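Using the hints, position chain B against chain U.
The residues making up each chain are set out below.
Number of protein chains: 2
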Amino acid sequence: MTSRKKKSIVFIGAGSLASHLSNAFFIAGHNILQVFSRTKESAKQLADHLNTAWTNDTAKILVGADVYVIALPDNCLAEFVGAIDFGNSLVVHTAGSIGIKIFMGRAKNYGVFYPLQTFSKIRQIDFKNIPICIEANNCGNEIILKNLAADISDHVIKINSDQRQYLHLAAVIACNFSNHMFCLSSMVLDQKNLPFRLLKPLILEMTMKASDYHPVESQTGPAVRNDQNVIKKHLDLLSFSPEIQHLYDVVSQDIIRLHQSGLT
Amino acid sequence: MTSRKKKSIVFIGAGSLASHLSNAFFIAGHNILQVFSRTKESAKQLADHLNTAWTNDTAKILVGADVYVIALPDNCLAEFVGAIDFGNSLVVHTAGSIGIKIFMGRAKNYGVFYPLQTFSKIRQIDFKNIPICIEANNCGNEIILKNLAADISDHVIKINSDQRQYLHLAAVIACNFSNHMFCLSSMVLDQKNLPFRLLKPLILEMTMKASDYHPVESQTGPAVRNDQNVIKKHLDLLSFSPEIQHLYDVVSQDIIRLHQSGLT
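So the sequence lines, in the order shown, correspond to chains U and B.
Here the first sequence stands for residues 17 to 280, where the numbers follow our numbering.
Here the second sequence stands for residues 17 to 280, where the numbers follow our numbering.
No wet-lab data here; the hints were simulated from the structure.
One should not assume that every hint holds.
Identical copies go unnamed one by one, so any copy, or any two together, can satisfy a pair.
Within a straight-line C-alpha distance of at most 20 Å, the following computed SDA-like cross-link-like pairs (lysine to any residue) qualify [said to hold, decoys possible]:
id	residue 1	residue 2
1	K174	L210
2	K208	H230
3	K249	P89
4	K249	A99
5	K117	L253
6	K117	R273
7	K208	I116
8	K60	E95
Here the structure is a predicted model, which means the values were calculated and not measured.
Isolated chain U (complex conformation) (with noise of 0.2 Å):
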């Protein structure tokens, strides 16, 4: 922590990324005035946990805090800040998909905090290592941003919303497709009763290594190889499901394509 004046937050949504940000604010000093939440029961959950006050009334959003930060699913967001009235206050959201023109006519002050990662309430985070990417209306709004940032993270990286919605694509992939390749997995171990764990040292290595040099380089399996055998017969064992049979054919023909197309 810094001895920079803490600033006066008040949180709009409660779900996982509101809840593990709030409290990554509250540890390092600042003062999370009030949580909003559509629902009473998760906006109540929140501050209780912050020891702060709660609504679930719009109208009853407090006026005048610092920074007012916007945690809601992307589809709503459009809806609330044109209902709120944030006067001369710093109003951020936090949306990898949303640029930060949603503002524009509706804030005098406004920016984008987009943490770079997957959060759910269950599981703990350290905010330390996470890449936060910060965009701002004006070189004012951006230090501030940068400040709070660093308060929480020690990766900061300005970032504007037409790289953004780049990057939240790419998380996309590499996050929720990868996740999906493991769902299709458990479904084939599931076929002879073999638990997913099974495989738990084999995908942490495997990430570890995309991590430390490039997925491109550690690529492995019967695909990158052109082992038609092997292919051959996954695609035989797969006839119990048709849809991870297709699956299999257009992932192994793509990395078949990237890694002879000479793009690697």
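Same frame as chain U, but now just chain B:
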């Protein structure tokens, strides 16, 4: 280490798996008699590390070792198994995709010793947590393999050839296909000159979450929410690569299918 009699072991193959496995047996106190490799350099390199003999001539493979471990590429396994007389020694292969039957009529005592992990020469591996899947042609050999595996790992499992081919298929989907998602993701980041390392905390957390709970429960992102606005926007952003665009579409549809099917 237990007080069981140490085994004399010949390694046939000197690639990543052979290097890590022979080293683990060496540390566990077993006697690595010789290393065979098709190329002189790799045979010599591994043998020097283990302070033992080497050859690149199948006719010069020492006879009478307790155990022969074949760690060769899957597609040349049959040829080598047929070319060597193992006498009464126990011979095992280490391939996920090949059944135990490959030894029938070619050896008297045989089995499979399959460590479920991805290996690279440059990365250190701790065998302790790696599942080692064993199979043998009789109970006596099974006990020998179980003890050998227990000398280097805390996770020894009896897996028959039928189960192992599904396990190997699941490993390919979970490991190689996820890694491919990371590759595609890095190509998206390349569009804006963003480094892949930005995603490191995200993919590590996603992998740990999927391991600690279950990937079907830990799925997040636009597809599992069936958020067609974000999906449409991402498909537009991917117009720079029709191949990644197609894969994004296929995987997203499959996530929607899986999570709406009630299978989860």
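Status of each hint after checking the structure:
For the identical chains of this complex, K174 and L210 are inter-copy neighbours only, at 12 Å across copies versus 45 Å inside a copy, given an alpha-carbon limit of 20 Å. For a Cα distance limit of 20 Å, the shortest separation of K208 from H230 across copies, 17 Å, qualifies, whereas the shortest one inside one copy, 33 Å, does not. Taking identical chains as interchangeable, the C-alpha atoms of K249 and P89 lie at most 20 Å apart only when they sit on different chains, with a minimum of 16 Å there against 43 Å within one chain. Taking CA atoms no more than 20 Å apart as the test, K249 paired with A99 passes in neither setting, with 58 Å inside one copy and 25 Å between copies.
Proximity of K117 to L253 under the C-alpha cut-off of 20 Å is restricted to the inter-copy arrangement: shortest distance 18 Å between copies versus 50 Å within a copy. For a Cα distance limit of 20 Å, the shortest separation of K117 from R273 qualifies neither inside one copy, at 38 Å, nor across copies, at 34 Å. Within a single copy, K208 and I116 get their C-alpha atoms only as close as 49 Å, which misses the 20 Å cut-off; across copies the closest is 18 Å, which meets it. For a Cα distance limit of 20 Å, the shortest separation of K60 from E95 qualifies neither inside one copy, at 22 Å, nor across copies, at 69 Å.
In summary, the numbered hints that this structure violates are 4, 6 and 8.
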